[in-house]
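A.B. asks: So the chains spell out like this:
There are 4 protein chains.
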Amino acid sequence: MVISLRKARTLIRKALEKGRELGLKPLSVIVLDAGGHVIAFEREDGAAPGRFAIAQGKAYGSVMLGMAGTAQMQRAEAQAYFMAAVNGVYGGQVVPVPGGVLLRDRKGAVIGAVGVTGDTSDNDAIAAMAGIEAAGLTGEI
Amino acid sequence: MVISLRKARTLIRKALEKGRELGLKPLSVIVLDAGGHVIAFEREDGAAPGRFAIAQGKAYGSVMLGMAGTAQMQRAEAQAYFMAAVNGVYGGQVVPVPGGVLLRDRKGAVIGAVGVTGDTSDNDAIAAMAGIEAAGLTGEI
Amino acid sequence: MVISLRKARTLIRKALEKGRELGLKPLSVIVLDAGGHVIAFEREDGAAPGRFAIAQGKAYGSVMLGMAGTAQMQRAEAQAYFMAAVNGVYGGQVVPVPGGVLLRDRKGAVIGAVGVTGDTSDNDAIAAMAGIEAAGLTGEI
Amino acid sequence: MVISLRKARTLIRKALEKGRELGLKPLSVIVLDAGGHVIAFEREDGAAPGRFAIAQGKAYGSVMLGMAGTAQMQRAEAQAYFMAAVNGVYGGQVVPVPGGVLLRDRKGAVIGAVGVTGDTSDNDAIAAMAGIEAAGLTGEI
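Protein chains in written order, with our numbering: chain H, 1 to 141; chain A, 1 to 141; chain P, 1 to 141; chain V, 1 to 141.
Some clues are possibly wrong.
[To be verified] Simulated crosslink set (BS3-like; lysine-lysine; CA at most 25 Å straight-line):
| hint | chain 1 | residue 1 | chain 2 | residue 2 |
| --- | --- | --- | --- | --- |
| 1 | H | K14 | H | K25 |
| 2 | H | K107 | P | K107 |
| 3 | H | K14 | A | K14 |
Quick caveat, the hints were computed from the structure, so don't treat them as lab data.
Take the sequences, apply the hints, and build the full model.
C.D. replies: Dropping the structure here:
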């Protein structure tokens with residue numbers, strides 16, 4: 001299953017709406033395909049200029065490792081040098097915290113990932129899940 | 001003047017519509033702010049996975065040099081080693097061809113750039129301009 | 001459609017056999033998935049140590065641009081600075097010559113790419129196509 | 001002694017079979033020569049796309065340092081900044097955990113390395129050793 005641009009748009013729009021509803025800081029949301037390549041990205045007015053790279057890093061590490069942000073954070077806390085090394089082999093593009101969410105199809109295969117950044121990592125993940133559900137997809141935090 | 005996410009969305013949507021209207025290949029469109037940082041990006045279904053980097057390269061070089069794609073291309077054709085050197089100092093992120101369009105405010109100050117890729121460079125620029133006009137902005141090809 | 005490891009193995013084995021049959025120099029063959037990530041690679045005895053990167057570069061550029069080696073070479077010959085710039089945005093991983101072959105499914109969607117290196121670019125492409133046909137896939141040189 | 005492609009194939013095939021026998025997650029296996037260059041690699045169906053880089057990082061660090069994964073991990077735990085610095089000089093390509101296995105000839109000289117990734121680091125090393133023994137080589141975990 002391939003994530004269409006139409007679904008990616010819905011996902012981003014709804015994740016941002018969730019952020020407004022909860023009164024979160026300005027968010028940035030990215031949707032990557034199963035190869036870790038960008039389908040769509042939006043940064044809300046008022047967000048810091050460097051948010052693209054953080055959103056991408058959360059989602060990119062999730063796809064490349066097949067491991068969502070929460071699991072990456074646990075590994076980073078247990079074995080910091082391992083996640084540092086993983087970051088080396090992926091060109092420094094991995095941000096191992098919640099807000100990186102794996103997207104799976106009905107059979108469980110990874111079809112892409114979402115990265116949200118701007119508020120706390122946990123709130124970022126809540127906004128991501130709201131968008132994922134609105135787009136009819138299944139997310140793994 | 002700052003480009004709002006609302007304007008960036010309109011710009012991208014209308015650029016993609018122009019591509020459909022003209023029967024172009026699947027397009028990818030990026031909008032950068034005055035610092036060269038991503039505000040929004042969309043890649044149409046069927047576009048090659050690497051299109052983000054090319055769209056970004058067209059727009060990034062435009063902002064960083066204050067020179068749109070056509071002028072960059074002329075410089076590249078007249079003095080290839082200069083643009084190669086420029087690419088070195090900007091980390092290889094400059095793609096000096098049409099489809100990179102500068103955005104200016106009424107006083108002529110650069111407020112960002114658009115990058116479109118997917119069809120011929122000239123058609124990419126046409127789609128970019130359609131989006132820019134629909135968003136009420138002024139573009140320099 | 002996803003390229004299985006089983007198919008990738010058949011493809012590589014048959015491409016190498018073709019090279020032996022034609023008396024080519026030692027070959028190296030890579031198979032990438034639709035996101036440009038390595039599924040399998042083999043380097044024949046006697047090949048130079050750096051062949052992995054060349055095989056990967058031929059196949060990676062093909063996937064990322066959605067353009068096979070022959071088309072990349074034509075673009076490089078017509079507009080050298082453009083392909084140099086493309087190489088910049090893809091981290092110097094693009095080798096724009098024949099031997100990079102796109103793999104498509106029945107609907108024409110890109111499902112991956114093959115990269116062969118070791119002999120002349122044209123012979124590399126012949127070996128690639130032999131492997132691709134033996135694996136029941138469709139290649140675009 | 002040079003590792004032939006024939007031996008590398010046997011090694012990979014048997015390591016993957018061991019993984020299936022033990023019910024491990026999908027594995028990826030790389031074989032590098034004495035210069036740290038890729039001879040062969042295979043990624044099983046269902047493995048995350050980024051597994052090549054991790055397999056390579058485990059094996060590359062082993063060859064370049066002449067120190068297998070377990071010894072690298074001990075050094076990383078005792079002196080994290082040293083392994084971080086080592087990673088800097090090797091371009092971020094070192095992943096210092098078990099699953100990186102040194103290959104030695106009868107006189108003890110390093111002739112290459114194997115990298116396995118996909119399950120726990122310890123299980124990765126078990127699969128690597130099964131492949132190494134099947135290929136008639138001697139491994140150091």
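A.B. asks: List, from low to high, the hint numbers that the structure doesn't satisfy.
C.D. replies: When the structure is compared with the hints, none of them turns out to be violated.
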